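Asks: From just these sequences and the hints, can you work out the full model?
One line per chain: the protein sequences are E and V, in this order.
All residue numbers for the first sequence refer to the numbering used here, where the first residue is 19 and numbers rise by one.
All residue numbers for the second sequence refer to the numbering used here, where the first residue is 12 and numbers rise by one.
Derived from the structure by calculation, the hints contain no laboratory data.
It should be emphasised that the depicted structure is a prediction, and the values quoted were computed from it without experimental measurement.
All C-beta atoms in this analysis are idealised placements derived from N, C-alpha and C, irrespective of residue type, glycine included.
There could be a bad hint or two in this list.
[Said to hold, decoys possible] Simulated restraints, written as ranges between beta carbons of each label pair: (1) Lys51/V <-> Val102/E: 32 to 38 Å; (2) Tyr74/E <-> Val71/V: 26 to 32 Å; (3) Glu229/V <-> Ser26/E: 26 to 32 Å; (4) Gly99/E <-> Arg264/V: 53 to 59 Å; (5) Thr255/V <-> Tyr40/E: 26 to 32 Å; (6) Leu78/E <-> Arg120/V: 37 to 43 Å; (7) Leu73/E <-> Gly48/V: 49 to 55 Å; (8) Leu23/V <-> Tyr74/E: 24 to 30 Å; (9) Tyr40/E <-> Pro250/V: 36 to 42 Å.
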Amino acid sequence: MKIEIDESRCKGCNLCTVGCPYKIFQAGKKPNRKGVLVPLLDRPERCTNCRLRHLYGRVLCGVCQMTCPDQAIRFRDEKPGETVKVAIEY
Amino acid sequence: MSYDEWLRQDRLPHIYCAGCGNGTIINCTLEAIDGMGWKKDETIFVSGIGCSSRAPGYIVTDSLHTTHGRALPFATGVKMARPGFHVVVFTGDGDLAAIGGNHFIHACRRNIDITVVCMNNQIYGMTGGQGSPTTPMGALSTTTPFGSAEPAFDLCELAIAAGANYVARWTSYHVKELTKAVKVGMETPGLSFIEAMVQCPTNYGRRNKFRQVLDQVEYFRSHSMMRLKYLQHEERGEPVPDATIVVGEFVNRKRPVMGLPK
Ligand SMILES: Cc1ncc(C[n+]2csc(CCOP(=O)(O)OP(=O)(O)O)c2C)c(N)n1
Ligand code: SF4
Ligand code: SF4
Ligand code: SF4
Ligand SMILES: [Mg+2]
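Replies: See below:
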């Protein structure tokens, strides 16, 4: 499972940059077509929900998705054959 | 997560300003509803007028976007006519406590079986930032340019005094807790009142030293105190810091209820 930010919805408020325990969302620097600074994802494979959702069969954490006032953050399953990056726990 | 299923995808993105807390509260409410397993054609959203009151327009179920302050009378009508329906009200601090203040206390007194979610941004957001009954003392708004000189309403205490069966307060920072509270409210027969403190960066934040959206959310985090802790402080006669936001469940009781299905 992986995180995606829907650029057609994100308004660049940066609320997602505070809630995540892994600080996966980093404030964006380059404006997109609409002039919005969409946050960048820093090693999103570390996300608890992306790693463990299927193992536990329920949403884990999910704080970024609940917080995003513009419903721009989504979790989606990889397509068949899509490479999956695995986080190494330290 | 499944709040997405309840949203009218063709209407998004919504009109709220960047970083407006209302969107977060919609997420939490819909998530709670999804957990209830309610059917979409048996759930009705009702609202008055204001930024907060635009919320039902983004939701797939039937809804009533009524006149300013009158969401609760309309919701009462729906519930009395169709007690089997689940009625959820989205309202703002101005809508609920200023023009709709009278309806608020009487809906609580009647303890009608609906869930009321108030997005309290402490300001009239939609009309450009006039002071509301919940604007804190000293806060700047277009109608209080030297700082509000009036004490603010505590909406939760008001709901308790008037008779609501379930009362809780959280903020847009506390998404998990808020979702839980809305769900418990929906499970509780009678009027459930959930106050969600939200940031209005455009009309409250920028006039009141919250230059970034994040600043006000951080303020909610750092100034919140659990209700139990607050009561302990009160019992021991210890002062609590000014501007503390008391959060948590305030009341969960079983007064007689109106509007239950027979
Ligand atoms: C009868 C009536 N009086 C006044 C207005 C103007 N008006 C529209 S929204 C609003 C205040 C909304 O404040 P609130 O309920 O706090 O909503 P917010 O926009 O802050 O979410 C007012 C006074 C109106 N639409 N109708
Ligand atoms: S919280 Fe949502 S709208 Fe705000 S910056 Fe993050 S993804 Fe964009
Ligand atoms: S679900 Fe939690 S851990 Fe994963 S990105 Fe969102 S906030 Fe971070
Ligand atoms: S004016 Fe305030 S309440 Fe209205 S959409 Fe903008 S930020 Fe939200
Ligand atoms: Mg308001």
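Asks: Hint by hint, note whether the structure agrees.
Replies: Outcome of the hint check:
Distance hint check for lysine 51/V and valine 102/E: the Cβ-Cβ separation is about 34 Å, which falls inside the suggested range of 32 to 38 Å. Between tyrosine 74/E and valine 71/V, the C-beta spacing of about 28 Å keeps the proposed range 26 to 32 Å intact. The beta-carbon spacing between glutamate 229/V and serine 26/E, approximately 28 Å, falls within the hinted interval of 26 to 32 Å. Remark: the range hint 53 to 59 Å for glycine 99/E to arginine 264/V is upheld by a beta-carbon distance near 56 Å.
Hint check: threonine 255/V to tyrosine 40/E, Cβ distance near 30 Å, so the stated range 26 to 32 Å holds. Hint check: leucine 78/E to arginine 120/V, Cβ distance near 42 Å, so the stated range 37 to 43 Å holds. Hint check: leucine 73/E to glycine 48/V, Cβ distance near 24 Å, so the stated range 49 to 55 Å is violated. Restraint check, leucine 23/V to tyrosine 74/E: a C-beta distance of roughly 29 Å satisfies the suggested window 24 to 30 Å.
With their beta carbons about 38 Å apart, tyrosine 40/E and proline 250/V fall inside the hinted range of 36 to 42 Å.
The earlier numbered hint that this structure contradicts is number 7, and it is the only one.
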